[in-house]
Every structure is written in structure tokens, then in C-alpha cells.
Amino acid sequence: MTTPIPSGRVVRRLAALFGLALLLNFLPIPNFGYSQVSVLDRVPLPAMSDVGASELPQLQAAVDEPPATTQPLPTTTEAPPTTAPVAPSELPSEVVTQDRVTGTADQVPEFAAIGVLLDEAPTEPILVRVQASDSSWGDWRELGVESDEGPDANPGAGQPEGNGRAFGTEPLWVEDAIGYELNLSSEDAPTAEVALVRDETKRTVTEAVPVAGAAVPTPFGIHMRTEWGARSTSTSVGSTVKLAVVHHSASSNDYSPAEVPGVLRSIQAYHMDGRGWSDIAYNFVVDKYGGIWEGRGGGIDKPIIGAHAMGFNTNSVGVMV
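For the sequence shown, position 108 (counting from the first letter as 1) is numbered 339 according to our numbering, and the numbering increases by one without interruption.
Possibly wrong hints are sitting among the right ones.
Stated by the list, open to error - In silico SDA-like pairs for lysine to any residue, Cα to Cα no more than 20 Å straight-line:
hint: 1; residue 1: Lys533; residue 2: Val550
hint: 2; residue 1: Lys533; residue 2: Thr449
hint: 3; residue 1: Lys519; residue 2: Met455
hint: 4; residue 1: Lys519; residue 2: Ile453
hint: 5; residue 1: Lys433; residue 2: Val268
hint: 6; residue 1: Lys433; residue 2: Thr464
hint: 7; residue 1: Lys433; residue 2: Arg462
hint: 8; residue 1: Lys433; residue 2: Pro492
The set of hints was computed from the structure by calculation and includes no laboratory data.
Generate the whole structure from the sequences, applying the supplied hints.
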């Protein structure tokens with residue numbers, strides 16, 4: 232019995248189907264589903280009142296330890312920049328004066344992180360304490376100022392960033408607070424606003440993962456952006472990496488391993504929706520348990536331009552610990 236030979240049309244169709252299947256094996260497949268999404272609400276300061284002299288010692292105690300700053304570290308023999316991104320005069324004084332105001336907002340919708348946005352660098356430390364879900368109040372915490380972070384000013388970098396507030400504190404992770412009290416200089420209060428980050432459950436399309444590479448382990452056990460629910464973004468690429476900038480976060484370390492994705496989502500929401508940046512500032516984040524997480528999108532194998540050291544983002548890598 233003679234086996235029938237497929238016609239030319241059938242052969243062409245089979246070849247096309249094979250080519251399509253091969254292509255789909257390497258194309259990214261979007262991830263649809265319901266997930267936690269961090270959103271940011273910008274709200275005015277609550278009603279503020281003058282601070283009494285008896286409160287100053289407690290406030291000063293909260294700022295005795297200055298917030299951490301970023302330090303450039305060379306990764307090649309090339310010397311790092313000797314000029315600091317931020318002049319000392321632009322950093323807030325570490326002494327609180329009596330010319331301060333305080334205000335409380337309690338029983339607000341639950342939020343996971345809080346920060347303060349301003350038009351200019353604050354003249355004095357900004358402090359906050361939050362109300363937990365059981366209505367108890369925590370201690371005063373200083374909010375570190377991100378004045379040395381931000382996208383490069385050079386338009387040639389191609390970064391569509393910088394349309395938010397010029398200055399901002401670091402976002403403070405509080406997990407599930409229902410109220411807050413702010414304390415800051417009366418000189419800084421007129422331009423300040425509060426940024427509250429909370430989680431919502433939404434139907435989302437997370438960053439796509441190529442099927443062919445989905446099972447390939449990442450180097451050094453790096454957790455990819457899909458593992459913390461990162462929003463899809465557009466970033467720029469440099470030419471190489473010449474130095475690393477390590478940022479020691481002044482935010483809270485009071486989080487569990489399961490809460491790390493929420494912490495990263497809150498930072499990304501704060502940077503994108505509060506500061507107006509295109510993505511989370513840092514290329515990588517190291518949590519307190521030693522886990523390494525992909526930060527800014529674009530690929531861990533590429534010199535992605537971050538927003539971790541204003542003026543020195545191009546051809547550097549930013550790591551937050």
C-alpha cells in the first residue's frame with residue numbers, strides 16, 4: 232500500500248504551525264490574574280498646631296541617630312566621583328527647634344507605608360509615629376530624606392522621569408496602620424503633603440516571562456520582579472557598569488519574610504506615584520534576611536539606568552540594603 236504524500240499546501244501549513252509553536256515558546260506570555268497592587272494617596276497635612284517646649288526632648292531623641300546616606304563604591308579600578316551628589320547645606324539640620332508644628336490623623340483607611348513630599352529640601356528633621364490597627368500609638372521615627380536620589384538631569388539619558396515632587400522622605404513601612412501623627416518645622420509645613428501607600432486587590436497583567444526561560448534559575452538566587460508583583464514600567468539602558476552605589480535604607484526593618492514583596496511594592500508606588508520616577512529607584516534590593524531582589528525593570532543582565540544617585544545613575548548600579 233502506497234503512503235499518500237501530503238500536498239504542498241498541507242506541507243506549508245504544517246511548517247507555518249511549527250514555526251508559530253516555536254515562536255510562542257520564546258515569546259513572553261502575559262500573566263493575568265488578581266493580585267495585590269500598591270497604590271499611593273497624596274493627602275494634605277492634617278490640622279497642625281504648635282509644639283510645646285516640653286515635647287522637644289522626646290523629638291530630639293528620635294533624631295539622635297542621623298539617617299543613612301548613599302555611598303558610591305567602585306567596582307573597577309576607575310576612581311568613583313569625589314563630589315557628593317548633595318551638598319551638606321541641602322540636608323536638614325539634625326537639631327529640632329521649638330518652631331515646629333504637629334498634627335494627627337487617626338482612624339484613616341488602613342495603609343502600609345507613609346512618606347512626606349515637599350517642594351524644597353526640609354530645614355529640619357521630619358518625624359512620624361503611627362497608630363496600629365489595635366489603636367495603640369508607636370514611637371516617633373525620623374523619616375530619612377531622599378535628597379541625593381532621583382533621575383539624572385541630563386536629557387540625553389532618555390529617562391521620562393522627574394514629574395513628581397522635588398523632594399521626599401523615604402517611605403516608612405508600617406504594615407497596617409490606621410492613623411499617623413506628623414511633626415515638622417513650621418517653615419516646611421506649607422509645601423508638605425502626606426503620601427500614604429496601601430494595597431488593593433486588582434485584576435492585573437504582571438510582567439511577562441518568556442516560556443523558554445521560565446524554568447531557568449537566576450544567578451545568585453535573585454528573586455525576579457514577578458515574585459514581588461512589580462508594575463510594568465519603561466526604563467533606559469546605559470552602556471556599561473563602572474561603579475556601585477549602596478543605599479542603606481533608614482526605613483523600618485520590622486517586616487517578616489512574607490512581607491518583603493509588599494515592602495518592595497510600596498517603595499515602587501512611592502517612587503512612581505509620589506516622586507514621578509519611571510520605576511523603583513534601585514537596580515537591586517537586599518532584604519534583612521539576605522534575599523536579593525530585582526528592583527528596577529529592564530533585565531538584571533543589562534546596565535539599566537536607575538534613580539539611586541542623582542547625577543551618577545548612568546553606568547552605575549544601585550543597591551538598597
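Cross-check of the supplied hints:
1. Lys533 with Val550: holds (15 Å)
2. Lys533 with Thr449: holds (14 Å)
3. Lys519 with Met455: holds (17 Å)
4. Lys519 with Ile453: holds (14 Å)
5. Lys433 with Val268: holds (7 Å)
6. Lys433 with Thr464: Holds - the C-alpha atoms of Thr464 and Lys433 are around 17 Å apart, at most 20 Å.
7. Lys433 with Arg462: Holds: Lys433 and Arg462 sit about 12 Å apart, inside 20 Å.
8. Lys433 with Pro492: holds (16 Å)
Hint compliance for this structure: no hint is broken.
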